Amino acid sequence: MATERSVVEVKARCKPLLGQLPLVEFVQQSGSPTAAYTIIFSETNSKELAKAGRWLAVLKRDFPQEYNSVIFSLKLSHANEARLKGESS
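Just so you know, we're using full-length UniProt numbering here: the sequence shown kicks off at 1 and counts up by one.
FYI, nobody ran anything at the bench for these hints, they're computed from the structure.
Note that the structure is a prediction, hence the values are computed from the model and not measured.
Errors might be hidden in some of the hints.
[Unchecked claim] So the derived label-pair ranges between C-beta atoms look like this:
| # | residue 1 | residue 2 | range |
| --- | --- | --- | --- |
| 1 | Glu9 | Asn68 | 14 to 24 Å |
| 2 | Thr38 | Asp62 | 18 to 28 Å |
| 3 | Arg5 | Arg83 | 31 to 41 Å |
| 4 | Lys15 | Ala35 | 14 to 24 Å |
| 5 | Arg83 | Glu4 | 38 to 48 Å |
Every residue gets a Cβ at the ideal spot worked out from N, C-alpha and C, and that includes glycine.
Working from the sequences, and respecting the hints, build out all of it.
Structural data, given as structure tokens:
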């Protein structure tokens with residue numbers, strides 16, 4: 001019997017990956033949680049990040065509205081950081 005994970009638990013498990021937009025983009029392009037794990041592990045050689053990527057892909061599959069909200073927030077945050085760096089140069 002499969003265990004159903006709450007959205008809060010899934011989001012907590014993908015947190016280590018969320019600061020790394022290029023790795024998040026691999027998850028966006030992946031077709032499954034297993035594919036996300038494989039791609040991220042091959043790029044980073046980090047089981048921790050690969051597992052976090054798999055959980056982000058689970059969020060994408062099982063909770064698409066939450067996933068879209070997380071991705072939107074990440075991209076907005078990344079854009080704001082880039083803008084602030086440009087202003088301080």
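Legend entry - Structure versus earlier hints - violations, ascending order: Nothing - there is no hint that the structure violates, so all of them hold.
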